[in-house]
Amino acid sequence: MDLIDDIYARHQFVHLLFSGGKDSTLCLESVLERDLGDRTVLVVVDTQDYPEEMMQLIASYEPKVRRIDYVKSDAKSWIQRNGYPADVVVVDNTFLGRVYKKERDGVLMCSRQDCCHANVWGPMSQYLSNPEVTAVIMGEKDSDSHGSRPSFWTLGNNTVEVCRPLANKTDVDVRNELKARGKFHKRFMGKASSLDCLHCTAYWETFDERMDYLYETYPQTVTKLRGVVSSMQDTIKKAMSTLK
Numbered sequence: 001m002d003l004i005d006d007i008y009a010r011h012q013f014v015h016l017l018f019s020g021g022k023d024s025t026l027c028l029e030s031v032l033e034r035d036l037g038d039r040t041v042l043v044v045v046d047t048q049d050y051p052e053e054m055m056q057l058i059a060s061y062e063p064k065v066r067r068i069d070y071v072k073s074d075a076k077s078w079i080q081r082n083g084y085p086a087d088v089v090v091v092d093n094t095f096l097g098r099v100y101k102k103e104r105d106g107v108l109m110c111s112r113q114d115c116c117h118a119n120v121w122g123p124m125s126q127y128l129s130n131p132e133v134t135a136v137i138m139g140e141k142d143s144d145s146h147g148s149r150p151s152f153w154t155l156g157n158n159t160v161e162v163c164r165p166l167a168n169k170t171d172v173d174v175r176n177e178l179k180a181r182g183k184f185h186k187r188f189m190g191k192a193s194s195l196d197c198l199h200c201t202a203y204w205e206t207f208d209e210r211m212d213y214l215y216e217t218y219p220q221t222v223t224k225l226r227g228v229v230s231s232m233q234d235t236i237k238k239a240m241s242t243l244k
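The sequence shown maps to residues 1 to 244 in our numbering.
Calculated directly from the structure, the hints in this document are not laboratory data.
What you are looking at is a predicted structure, and each value in this text was computed from that prediction instead of being measured.
Note that the Cβ used here is the ideal one computed from N, Cα and C, for glycine as well.
Where hints are given, some of them may not hold.
Stated by the list, open to error - Derived CB-CB ranges, DEER-like:
| # | residue 1 | residue 2 | range |
| --- | --- | --- | --- |
| 1 | 180 | 242 | 50 to 58 Å |
| 2 | 191 | 11 | 27 to 35 Å |
| 3 | 2 | 105 | 55 to 63 Å |
| 4 | 105 | 167 | 44 to 52 Å |
Sequences are here, hints too, so could you generate the full structure?
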């Protein structure tokens, strides 16, 4: 019995964390080919900043699963208040930094962890604390940068069993399996295959890749975001130059 069969054998319903990226797509397709869609709830963190193509993709699965639960946040409004997410932050350019210095110069920025927690991880954790959720499937792999994590999560008073059917796979394995199923998309060629937030300016190791992909549909937005990141990096370099 493989991991997917095992988790469904012990839970009446399973919640699948779905972003539309290559890993969660392969997890979902693996569930659907077993005719387990009627026992599957898709859980999507809707940051209200998904590119339209992603929302259409997610909605296309609605007839194939028990239901889709959209966990809402508002990334664009959060960024407007707190600043664009960055991999390196100059404290004087954060919201509190501006308050203390009483200055408004330069780009307003925040840490990428703060932004993701406010708009993705935090809302998802709150959702999973519901006792109705007993088991989740997620597309996390041991080969991912953060590595493997516990098989049980305790969220509030709720304990959730976590199934990672792709744990031992690589990105190449995932792409090959999606191609074999006829479910491969050109977006899956890169490292950043999900697009949770159109206006994300963090995760600089994949920023150019994401912007290159999005440019065809959102040229004005991409041009603006490239300018924001350039300004942030100039600000960081200037701050670093003061270090002795």
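Here is how each hint holds up against the structure:
1. 180 <-> 242: 50 to 58 Å: Since the Cβ atoms of residue 180 and residue 242 sit about 54 Å apart, the hinted range of 50 to 58 Å holds.
2. 191 <-> 11: 27 to 35 Å: At 32 Å between Cβs, range holds.
3. 2 <-> 105: 55 to 63 Å: Taking Cβ atoms as reference, residue 2 and residue 105 lie about 56 Å apart, which means the hint holds.
4. 105 <-> 167: 44 to 52 Å: Roughly 47 Å apart at Cβ, these two residues keep to the hinted range, so it holds.
In summary, the structure agrees with every hint in the numbered list given earlier.
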